[in-house]
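Asks: With the hints as constraints, model all of the structure from the sequences given.
There are 2 protein chains.
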Amino acid sequence: MKHVTIRALAKELNLSVSTISKALRDSYEISEDTKKRVLALAERLNYMPNPYASSLRGRRSKIIGVVIPEVADSFFSLAINGIESVVKEQGYHVLISLTHERLANEQSILHEFQGGRVDGVLMSVSRETVSGRHIRDLMEKEVPVVFFDRALDEVETDKVVTNDFESGYAATQHLISRGCKQIAYLTISENLSIATRRMEGYLKALADHQLRSSGKNIVQCGTDAAFNYKQVKKLLQRKKRPDGIVASVEKLATPVYQACQELSLSIPGDVKVICFSNLEIATILQPSLTTITQPAFEIGKTAATVLLRALDKKRGKPAQQQVIIPSELIARESSG
Amino acid sequence: MKHVTIRALAKELNLSVSTISKALRDSYEISEDTKKRVLALAERLNYMPNPYASSLRGRRSKIIGVVIPEVADSFFSLAINGIESVVKEQGYHVLISLTHERLANEQSILHEFQGGRVDGVLMSVSRETVSGRHIRDLMEKEVPVVFFDRALDEVETDKVVTNDFESGYAATQHLISRGCKQIAYLTISENLSIATRRMEGYLKALADHQLRSSGKNIVQCGTDAAFNYKQVKKLLQRKKRPDGIVASVEKLATPVYQACQELSLSIPGDVKVICFSNLEIATILQPSLTTITQPAFEIGKTAATVLLRALDKKRGKPAQQQVIIPSELIARESSG
Numbered sequence: 001m002k003h004v005t006i007r008a009l010a011k012e013l014n015l016s017v018s019t020i021s022k023a024l025r026d027s028y029e030i031s032e033d034t035k036k037r038v039l040a041l042a043e044r045l046n047y048m049p050n051p052y053a054s055s056l057r058g059r060r061s062k063i064i065g066v067v068i069p070e071v072a073d074s075f076f077s078l079a080i081n082g083i084e085s086v087v088k089e090q091g092y093h094v095l096i097s098l099t100h101e102r103l104a105n106e107q108s109i110l111h112e113f114q115g116g117r118v119d120g121v122l123m124s125v126s127r128e129t130v131s132g133r134h135i136r137d138l139m140e141k142e143v144p145v146v147f148f149d150r151a152l153d154e155v156e157t158d159k160v161v162t163n164d165f166e167s168g169y170a171a172t173q174h175l176i177s178r179g180c181k182q183i184a185y186l187t188i189s190e191n192l193s194i195a196t197r198r199m200e201g202y203l204k205a206l207a208d209h210q211l212r213s214s215g216k217n218i219v220q221c222g223t224d225a226a227f228n229y230k231q232v233k234k235l236l237q238r239k240k241r242p243d244g245i246v247a248s249v250e251k252l253a254t255p256v257y258q259a260c261q262e263l264s265l266s267i268p269g270d271v272k273v274i275c276f277s278n279l280e281i282a283t284i285l286q287p288s289l290t291t292i293t294q295p296a297f298e299i300g301k302t303a304a305t306v307l308l309r310a311l312d313k314k315r316g317k318p319a320q321q322q323v324i325i326p327s328e329l330i331a332r333e334s335s336g
Numbered sequence: 001m002k003h004v005t006i007r008a009l010a011k012e013l014n015l016s017v018s019t020i021s022k023a024l025r026d027s028y029e030i031s032e033d034t035k036k037r038v039l040a041l042a043e044r045l046n047y048m049p050n051p052y053a054s055s056l057r058g059r060r061s062k063i064i065g066v067v068i069p070e071v072a073d074s075f076f077s078l079a080i081n082g083i084e085s086v087v088k089e090q091g092y093h094v095l096i097s098l099t100h101e102r103l104a105n106e107q108s109i110l111h112e113f114q115g116g117r118v119d120g121v122l123m124s125v126s127r128e129t130v131s132g133r134h135i136r137d138l139m140e141k142e143v144p145v146v147f148f149d150r151a152l153d154e155v156e157t158d159k160v161v162t163n164d165f166e167s168g169y170a171a172t173q174h175l176i177s178r179g180c181k182q183i184a185y186l187t188i189s190e191n192l193s194i195a196t197r198r199m200e201g202y203l204k205a206l207a208d209h210q211l212r213s214s215g216k217n218i219v220q221c222g223t224d225a226a227f228n229y230k231q232v233k234k235l236l237q238r239k240k241r242p243d244g245i246v247a248s249v250e251k252l253a254t255p256v257y258q259a260c261q262e263l264s265l266s267i268p269g270d271v272k273v274i275c276f277s278n279l280e281i282a283t284i285l286q287p288s289l290t291t292i293t294q295p296a297f298e299i300g301k302t303a304a305t306v307l308l309r310a311l312d313k314k315r316g317k318p319a320q321q322q323v324i325i326p327s328e329l330i331a332r333e334s335s336g
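Chains as they are written, first to last, in my numbering: chain B, 1 to 336; chain P, 1 to 336.
Honestly, the hints are just simulated from the structure, not real lab data.
None of these values were measured; they are calculated from a predicted model.
Treat the hints loosely; a few may be bogus.
[What the hints assert, rightly or not] Distance condition first, Cα-Cα at most 25 Å in a straight line; then the derived DSS-like pairs of lysine-lysine:
| # | chain 1 | residue 1 | chain 2 | residue 2 |
| --- | --- | --- | --- | --- |
| 1 | P | K22 | B | K22 |
| 2 | B | K141 | P | K36 |
| 3 | P | K313 | B | K62 |
| 4 | P | K141 | B | K36 |
| 5 | P | K62 | P | K36 |
| 6 | B | K22 | P | K216 |
| 7 | P | K36 | B | K22 |
| 8 | B | K11 | P | K88 |
| 9 | B | K36 | P | K313 |
| 10 | B | K22 | P | K233 |
| 11 | B | K36 | P | K22 |
| 12 | P | K141 | B | K22 |
| 13 | B | K239 | B | K216 |
[To be verified] Chain B residues, not near chain P, derived (Cβ > 12 Å throughout):
| # | residue |
| --- | --- |
| 14 | T19 |
| 15 | S21 |
| 16 | N81 |
| 17 | V86 |
| 18 | Q182 |
| 19 | T196 |
| 20 | Q210 |
| 21 | K240 |
Note that the Cβ used here is the ideal one computed from N, Cα and C, for glycine as well.
Replies: Quick look at the structure:
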């Protein structure tokens, strides 16, 4: 969307730039009637006053926007803690905005952020995000963006991620080492870079151990808990039931435990389970959950540090580095 | 803190109001040198341009600020979903800000929100918040505030809460009906209205059933997981061990399960447990957790509806109603 200037408003209403500017500032020199007309047009054209215009060097909103899919996930809440641990020291506030995994929401949030509301953005893309037009639009307005965890490959900017391929590989190899022959993989997206990399790791581990991969063993889940439960239950009711499950995101642990309970399947006796998760509660599940634990706090902290550095450089072209902070496999009872 | 006006900046620098105003807008009529001086002073005095000044009737930021203690709690993530379900329909965005249970953070966030960044605020106070000066300051700038869940009694504004007293009573009575004679109560705050009301309900239920209450059975927990674990473990190692536990917030379920596991105590055989919680995972804990489940989504939705109504009325004095949406006791295995 084109940026609407005061000049454009003036032209449209056949008024001077100075009149528009004064009307927007509620100056006593301008009549109530004119003010109303100006405000109505400004509203209609979505004019943004850009109070902290980037042209005013040094004048900052001192706000960092954090754009994430959801908060009901311990990865993101830990990552936020990591972000805040860094930015607060430097006098910034954090404002969090949720996409609920919808591209349309993400676009609309980033559009809002064009108006000078935030100095920079830390984001993890939604599972629907396949193209980065809206992200580049924001960056062109000189609002630097740093990805954390869920990056979009095509956007050239800093990325702070974990070793998703290696983690998918390690999770799968762990189940193979515990005797699993038919391992299913639960995913929530076909687009997300983290999801495809974890799955590539899973497939590579199967191949390296001469185990056949099958599309049927890759189960598509989503954002709806009831749907996920149905998908997992169907998987576990198959004649050739899998003997191992790699759950690629935290929220997929619950349907696996629920379905096993419902079907009276023993974990790890009948099915061995490993899940990407930062849940504190993993230890008190029965059986306790084997996890790939991501360095959530560290990822948030590092991403924030990279962003603040970019803000410091001001108009310099931001570096485009990728920082990889490895995850850790923590073996507990669910994998036998 | 006093609101800094353009007039004050002008006086301090011995310049005209118009020069200051133009400097702040980066006008070509003003020298770079003067601009720098003005910006430096504006920064130092924390001058806020108030781009969407409330005097410009009809001009809104279209942002609702949500101020909460944390997101690592399913109550708050569900409440946010409820809030967004309402405000998005009306073209508002939601920006979330976390206090991490610290009053100083809460003050600083609300101060930021004075600058016209948000049209209204939905908030749940931190556990340190005992006085509402910072909240009233914001309301005086014509930014309406609606409390949800954790309200501060002394601030006169709309409140959307659950029936905390009755829920504390019902939780305790439930354990008594299952045979408990010595019931401990875990809390995270001595200030929070929700905490004191739940505890009053607990105490009333004990009294109504001729059970002695004792200060020793009220265990103060906090925000630190390790500390909470230690507190609960100490409680369960007492000679006269409690036979029932009312955990008054969600995060206190984990240390109870952990400590029982560690001490080889059976839930519900040795200790019966009920917890205020919206955790989806309550059902897959072993044993499944008996909960007081708050209407989190409904509370968020209702609070947002009340706030939008206040914004619609514009300059009208907001009503000061208290809406109470009852919680529900869901009996599962942990209470026997």
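Asks: A separate judgement is required for each hint: does it hold in the structure or not?
Replies: Each hint, compared with the structure:
A hinted pair counts as satisfied when its Cα atoms are at most 25 Å apart, and P/K22 with B/K22 qualifies at roughly 11 Å. With a C-alpha separation of about 22 Å, the suggested pair B/K141 and P/K36 falls inside the 25 Å cut-off, and the hint holds. Distance restraint check for P/K313 and B/K62: the Cα-Cα separation of roughly 31 Å exceeds the 25 Å cut-off, and the hinted pair is therefore not satisfied. Distance hint between P/K141 and B/K36 is fulfilled; the C-alpha atoms sit about 22 Å from each other, no more than 25 Å.
Simply put, P/K62 and P/K36 have alpha-carbon atoms about 31 Å apart, too far for the 25 Å limit, and the pair is violated. This hinted pair does not check out: B/K22 and P/K216 have alpha carbons roughly 66 Å apart, beyond 25 Å. Distance hint between P/K36 and B/K22 is fulfilled; the C-alpha atoms sit about 23 Å from each other, no more than 25 Å. Of the supplied pair hints, the one linking B/K11 and P/K88 is violated, its CA atoms being roughly 32 Å apart against a limit of 25 Å.
Pair hint B/K36 plus P/K313 holds up; C-alpha atoms about 19 Å apart against a cutoff of 25 Å. Distance restraint check for B/K22 and P/K233: the Cα-Cα separation of roughly 66 Å exceeds the 25 Å cut-off, and the hinted pair is therefore not satisfied. In summary, the hint linking B/K36 to P/K22 is supported, as the alpha carbons are separated by about 23 Å, within the 25 Å threshold. Taken as a hint, the P/K141 and B/K22 pair is honoured in the structure, with Cα atoms around 22 Å apart against an allowance of 25 Å.
Annotation: proposed proximity of B/K239 to B/K216 holds, straight-line Cα distance about 13 Å (limit 25 Å). Under the 12 Å C-beta cut-off, the non-interface status given to B/T19 relative to chain P holds; the minimum distance is some 14 Å. Distance check on B/S21: its Cβ comes as close as 7 Å (rounded) to a Cβ of chain P, failing to clear the 12 Å threshold; non-interface status is violated. Under the 12 Å C-beta cut-off, the non-interface status given to B/N81 relative to chain P is violated; the minimum distance is some 8 Å.
Every CB of chain P lies more than 12 Å from the CB of B/V86, the least distance being 14 Å, so the non-interface label holds. Distance check for B/Q182 against chain P: the nearest CB is about 24 Å away, which clears 12 Å, and the non-interface claim stands. For B/T196, the requirement that its beta carbon stay farther than 12 Å from each beta carbon of chain P is met, with the minimum near 27 Å. No Cβ of chain P comes within 12 Å of the Cβ of B/Q210; the nearest lies about 35 Å off, and the non-interface call holds.
At roughly 25 Å from the closest C-beta of chain P, the C-beta of B/K240 stays outside 12 Å, upholding its exclusion from the interface.
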